[in-house]
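Asker: Read top to bottom, the protein sequences are chains R and L. Sequential numbering from 1 applies to the first sequence in the working numbering. Sequential numbering from 293 applies to the second sequence in the working numbering.
I should point out that these hints are in silico values taken from the structure, not numbers from a laboratory. Be careful, since some hints might not be right.
Calculated Cβ distances over 10 angstroms to all of chain L for the following chain R residues [unchecked claim]:
id	residue
1	11
2	57
3	81
4	172
5	175
6	220
Here are some chain L residues pointing at chain R (derived, C-beta under 8 angstroms) [said to hold, decoys possible]:
id	residue
7	348
8	401
9	405
10	411
11	420
12	421
13	531
14	535
15	538
16	576
17	577
18	580
19	584
20	591
Just so you know, even glycine gets a beta-carbon here, dropped at the ideal spot from N, CA and C.
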Amino acid sequence: MDLSFDLLGNAIVSGILLGGFYAAVSIGVAISFGMLDIVNIAHPAFILLGSYIAYIANTWWGVDPILASVVALPAFYLLGVGIYSVYEVSFERRGDTSLRGLSFFFGLLFITEVTLVLVFGVDYRLVDAWYIGPSLHFGVIELPLRLLVPCVVSLIMLGVLQLFLSRSFLGRAVQAVAQDPQALRLMAANPTRIKRVAFGLSIATASIAGAVLIIIQPIEPSIGRDYIGRIFAIVVLGGLGSISGTLVAALTLGIAENLTATFYGPSWSPAVAFGILLLTLAVRPSGLFGRA
Amino acid sequence: MRNTSFIALLIAAAAATFAAMLWIGNPYVFFAGYVVLQYIVLATAWNILGGYTGYVNFGVAAFFACGAYSTVVLHKLWAPPLVVMILVGGAVSGLIGLGTGYLTLRLRGTFFGIATLAMSVVAQTLITNWPFVGGSRGAYIVRPAHALYLPLDYIQYLCLVMLTLSVIALATARAIEHSRLGVGFATIRDDEVAAEASGVPTLRLKLIATVLSGGFMGMAGAPLPYYVTYLDPASGFSLSYAVNTIAMPLIGGTSSWIGPLIGAVLLGTLQQVATVTISSALSLLIVGLMLVGFVVAAPNGIIGWFRPAVRTSMRRLRGSR
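Construct the complete structure from the given sequences, taking the supplied hints into account.
Answerer: This is the structure we're talking about:
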């Protein structure tokens, strides 16, 4: 009994750490899907792109993966701006976002994945940093730095985004687009320009999310797919586009997955996200905190 | 053209195709032909939901693999004739479509797409954790040497079965287009809120489309274990099935049964050639690039090029809105 209590405590603590990381992975989709109504299912592929950039910087020049991802932020922002420009001209103006717009992102997901396979192969890759390996101990609770550092980095990123969205003029403009783009047009403001910036930001988060992903686990090009279910479960559960809701949902999923992995075996944990997603869609599609 | 004469024409075309394959005589023709035919069924099935009602199904691999795995289960239990396995595979995948559809089709269209994408991962998890069908190690299926009752090699027989399935799928798709059901589907695609307001039972129609579409995908997957003789979750649930199946109708054109057929024959053949001459990863990259290129630059697909009248009238309609 004593042992299982330790096990439970550790599972919950590392679930919370994992949840912080999930929040970083999901926040880009919370912005693009939740606020801008752009269903970017290719997001996990861009996260993996970020992981591989961190991998190159780390193995070739010995740069810290998180530092590398911060340096790569502008490039990811520009990538997002470019993708949104194509998306806006090809799908939003034609009014064909659901069938062809979705397929467009599905194609991007696949192209990115196959390109990564062609360049890096399907071997697992990992990075080297001082915080991979050691752990902090508090009694029976163990805090591996490999999970703690990504969690802290993720929380910082979420905090910065929250500040940007609630305090800056541009951030509030993004929230205005999220609430009612039609009304914004009537005010003679251009939602397209604002959406371009916001989508650029959402892709930029993939750079940092990618770096923390490769710190947490070794990666290969197809693992991005495992995150699609998780990301959308978190974003929908979090109420589509609220940053605090996304964080709470991410922590919930992290804990639920870790408990499942601890007590039923890790091969079942991918099913948890889908279960939560289906349950949310069936019972409460507006998410935990959304108004129905 | 009446449905009966269309079916007669389809059967004649299928018979001619099979005769030509027999005349060539090289077994590779049947191995390659099977894959192309399988994609005709998959693309047509996807288009019944995607093209006619406008709901994107990303879980093609799940429907397809569930059909394949129901064959593995039946084979281990008592190995009934292939026809029974195809029917069971279709029923299993149709039921999965019904369940997923019932839970998510009442919401905005994108949720259905996301749910199907995630469902692929979960179905794969379930199969991986099921030792009876081989788990992650996969299952071996011994292929009989000859077909029952027919003087054919088994691979020729499988090809014939898939040819029959594609005839059935194409005939069904065309029959839907020319029926009340097809008109109902089109109202959903064009404006679901207006359709619902005018009394179209949208949820029921969407469920019918999902079940038909999923069922055909399961049927296309059912003979797979006999074709590959070794099936593991990673290859059965491969994302390339989903990408190919979505790319084919979108490249061929989604508005009519002939679009998926053109797309499947074109892309399927191209891939068979590219896989042999270049590499399979590169040929998948080509499919991905073509998918993105077509949805961006040619939204009506290849059939859109030959129907300028339809296109301009559509544009006029959109412009007047």
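Asker: Is the shortest C-beta separation between residue 348/L and chain R less than 8 angstroms?
Answerer: holds, 5 angstroms
Asker: Given residue 591/L was flagged as interface, is its beta-carbon under 8 angstroms from a beta-carbon of chain R?
Answerer: Status holds, d = 6 angstroms.
Asker: Test the statement that residue 220/R is away from the interface with chain L: the closest C-beta pair must be farther apart than 10 angstroms.
Answerer: Consistent with the label, residue 220/R stays out of reach of chain L, its closest Cβ about 12 angstroms off (over 10 angstroms).
Asker: Identify whether the interface hint at residue 576/L stands, where standing means a beta carbon of chain R within less than 8 angstroms of its own.
Answerer: Holds, about 5 angstroms.
Asker: Is the interface hint for residue 577/L satisfied, with its Cβ closer than 8 angstroms to some Cβ of chain R?
Answerer: holds, 5 angstroms
Asker: When you look at the beta carbon of residue 11/R, is every beta carbon of chain L farther off than 10 angstroms?
Answerer: holds, 19 angstroms
Asker: Measuring from the C-beta of residue 411/L to each C-beta in chain R, is the shortest one below 8 angstroms?
Answerer: At 7 angstroms from the nearest chain R Cβ, residue 411/L passes the 8 angstroms test, so the hint holds.
Asker: Given residue 421/L as an interface hint, is its Cβ closer than 8 angstroms to any Cβ of chain R?
Answerer: Result: holds, 6 angstroms to nearest chain R Cβ.
Asker: Let me know if the C-beta of residue 538/L comes in closer than 8 angstroms to any C-beta of chain R, holds or violated.
Answerer: holds, 6 angstroms
Asker: Holds or violated: the hint that residue 535/L contacts chain R, with Cβ atoms closer than 8 angstroms.
Answerer: Holds - the Cβ of residue 535/L comes within 8 angstroms of chain R, reaching about 5 angstroms at its closest.
Asker: Does residue 57/R clear chain L by more than 10 angstroms, comparing its Cβ with all Cβ atoms of that chain?
Answerer: Given a closest Cβ separation of 25 angstroms, the condition holds.
Asker: Decide, holds or violated, for the assertion that all CB atoms of chain L are farther than 10 angstroms from the CB of residue 81/R.
Answerer: holds, 17 angstroms
In summary, the structure agrees with every hint in the numbered list given earlier.
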